[in-house]
Amino acid sequence: MKQINLFLVVIIALLVLTPIILPSRFDEDFDYEFDAPVGLVYDEFYNLRRFSKWEEFTKADSLTVKKFSDPQEDEKSFVAWDSDNASVASGKFTIDNFSVNRFINYTIKYDGWEKMDSLNVKFDQKENGKTVAKLKYLSQEIPYFYRYFAFFKNPKTKFEESMSNLNQQVKIRLDKDKKEGKLNYGEYRIVELGKTNLLAIRKQSKLAETDVMDKVDGAFETIYKSLINQEEGGLDFDLGFPYIYFTEFDKEKDRTTFFAGIQLIEDLPLQKEMKKVTVPGGQYLLSLHLGPRSKRQQTVDRMIVYAKSKKLALDTKQLEVMLNDPKETDSVKLISRIYIPILKK
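Residue -7 is where the sequence shown starts when you use the working numbering, and the numbers rise one by one after that.
Quick caveat, the hints were computed from the structure, so don't treat them as lab data.
Please note that the accuracy of each hint is not assured.
What the hints assert, rightly or not - No more than 25 Å apart at the CA atoms, straight line, and that leaves these computed lysine-lysine pairs for PhoX-like:
1. K287 <-> K300
2. K68 <-> K45
3. K128 <-> K45
4. K126 <-> K114
5. K217 <-> K207
6. K148 <-> K51
7. K45 <-> K245
8. K268 <-> K187
9. K198 <-> K150
10. K122 <-> K68
11. K245 <-> K122
12. K118 <-> K128
13. K287 <-> K267
14. K207 <-> K245
15. K45 <-> K148
16. K170 <-> K148
17. K287 <-> K264
18. K168 <-> K68
19. K148 <-> K126
20. K267 <-> K187
21. K148 <-> K84
22. K68 <-> K107
23. K58 <-> K45
24. K45 <-> K150
25. K150 <-> K217
26. K267 <-> K118
27. K118 <-> K84
28. K319 <-> K302
29. K148 <-> K128
To be verified - Ranges of calculated distance between the beta carbons of each label pair, as one might list FRET restraints:
30. F60 <-> S156: 16 to 26 Å
31. I182 <-> T149: 37 to 47 Å
32. G273 <-> K168: 26 to 36 Å
Here a beta-carbon is modelled for each residue, glycine too, at the ideal position from N, C-alpha and C.
Given these sequences and hints, build the entire structure.
Shown next as structure tokens:
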């Protein structure tokens, strides 16, 4: 009997003391590489409706009910879920902070728990066009006796399963986007452009984007006013997207020369400083710039690095097609296509 009692005491002591050596919180780092541009991978993490299709943390309960934030009413994006399954529980996943195509910080609040877990994801665009997502998960302090349960529920497996699901989603979506001709931020394509005729005004400015855009705005304003005058107060045709054709970059003199305008409209006489400019046809390396104009050179630099990795020789000229108005669009949402001519070998 004494031996049995001693055995029970030992067992109880082990049960009480073992949590001391078990992790008091999860602090995990994961890296995953995706064969896709950073814009597409980022969107899968940022769009919580898409996120909920591949994450594995709530999949254990097929009856889980999810509620998504309303962009018109809620300050932050979130998905809240409700489950009677103990392994899923109920909680709320919120995007706490983000920088487009650079990082997303989430907080995770489980019902009945005072503190929150955090998940931070950084996105790194590689020279070969692939994207590395770097995840860091940090849980709240795990209550003493809950550490037994947590030891067998390490989130690492769920993360690995989630990333495997995401990898399949990315492949399907990338294939679909390519078939539809959609270009994603961070993607590079070699395209064949025909000869493009522009109605443009020649400008010179310093290399700083603020100076470039001041000159671009002045050119577009001159063209717009001239066309309005010709149409006696109104325009009955679409001017289309603004074009900027850079023909010279001189770093020593801190100067760039470019033509800013629109695609040439037939039978439209040239006015004031306007010229007919022809952008040569041929093969171009194409990418998408998203965000402030001050970051534009970073996009160009990545294109140059990518070209070197593919042994492509690029010209110094550039053609840029702006897809929204810099005067009326938030700087983080500015979008433009950048084309750089590929030199023939």
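request  = Mind checking the alpha carbons of K45 and K245 for me, to see if they're no more than 25 Å apart?
outcome  = 53 Å, violated
ask   = Are K287 and K300 close enough, with their CA atoms no more than 25 Å apart?
value = Given that 25 Å is the threshold and the Cα spacing comes to 21 Å, the pair holds.
Satisfaction of the hinted span 26 to 36 Å by the C-beta atoms belonging to G273 and K168 = For K168 against G273, whose Cβ atoms are near 29 Å apart, the range 26 to 36 Å holds.
ask   = CA of K148 to CA of K126, is that 25 Å or under?
value = 14 Å, holds
ask   = Would the pair K58 and K45 pass a check requiring their Cα atoms to be no farther apart than 25 Å?
value = 11 Å, holds
query = Given the hinted pair K170 and K148, is their alpha-carbon gap at most 25 Å?
reply = 33 Å, violated
ask   = Taking 25 Å as the top limit, are the C-alpha atoms of K268 and K187 close enough?
value = 13 Å, holds
request  = Take a quick look at whether K319 and K302 sit within 25 Å of each other, Cα to Cα.
outcome  = 36 Å, violated
query = Taking 25 Å as the top limit, are the C-alpha atoms of K68 and K45 close enough?
reply = 20 Å, holds
ask   = Taken at face value, is the distance from the CA of K187 to the CA of K267 at most 25 Å?
value = This hinted pair holds, its Cα atoms lying about 16 Å apart.
ask   = Does the Cβ distance between F60 and S156 fall inside 16 to 26 Å?
value = 24 Å, holds
message = Tell me if the straight-line CA distance from K245 to K122 falls inside 25 Å.
response = 36 Å, violated
Violated hints for the displayed structure, listed by number in ascending order: 7, 9, 10, 11, 13, 16, 17, 18, 25, 26, 27, 28.
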